[in-house]
Amino acid sequence: TLVSELSGKINIIKRAQEIGVELPLRTQETQALLEQVKLLESRGFQYENAEASFDLLVHRARPDYKPPFELVDFMVVCEKRRRPPALKSLEEVLAEAVVKVRVAGEVMHTAAEGLKLVLPTSAG
Numbered sequence: 001t002l003v004s005e006l007s008g009k010i011n012i013i014k015r016a017q018e019i020g021v022e023l024p025l026r027t028q029e030t031q032a033l034l035e036q037v038k039l040l041e042s043r044g045f046q047y048e049n050a051e052a053s054f055d056l057l058v059h060r061a062r063p064d065y066k067p068p069f070e071l072v073d074f075m076v077v078c079e080k081r082r083r084p085p086a087l088k089s090l091e092e093v094l095a096e097a098v099v100k101v102r103v104a105g106e107v108m109h110t111a112a113e114g115l116k117l118v119l120p121t122s123a124g
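With this note's numbering applied, the sequence shown covers 1 to 124.
Within a straight-line C-alpha distance of at most 27 Å, the following computed DSS-like cross-link-like pairs (lysine-lysine) qualify:
#1 38 with 14
#2 38 with 9
#3 66 with 100
#4 9 with 66
#5 100 with 116
Pairwise CB distance ranges, derived in the manner of DEER restraints:
#6 65 with 99: 15 to 25 Å
#7 18 with 69: 16 to 26 Å
#8 11 with 80: 35 to 45 Å
#9 31 with 120: 42 to 52 Å
#10 56 with 78: 19 to 29 Å
#11 44 with 96: 21 to 31 Å
#12 112 with 32: 25 to 35 Å
#13 80 with 112: 14 to 24 Å
#14 99 with 64: 25 to 35 Å
#15 21 with 79: 37 to 47 Å
Keep in mind the hints are simulated off the structure, nothing from the lab. Heads up, the beta-carbon is just placed ideally off N, CA and C, and yes, glycines get one too.
All chains, please: the whole structure from these sequences, using the hints.
So this is what it looks like as structure tokens:
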């Protein structure tokens, strides 16, 4: 509806202003950003508690946008831990990510891991 369309634009403009980006209400840029947000949300993305992700969308929508880095490579590995966790009713799952990016011509390489307790899946 017109009201929800206008509300969506106003929310986008307000958030953009908070990060120092001016978006006029009646521009193709603002409309395209609104359409992109709608499309991504229909695919399961959520921006309510993901301010940095939304900020990236706003910046990428600008015609003068220049990416701060280039993704060179990445790898993510998830595994169920072999040793039993402290709580026997749960399983430990380890995720490790390795990322290479290029910033100002220099390649940076980093890794991080996270551990999560999950309910075991039923066998069969």
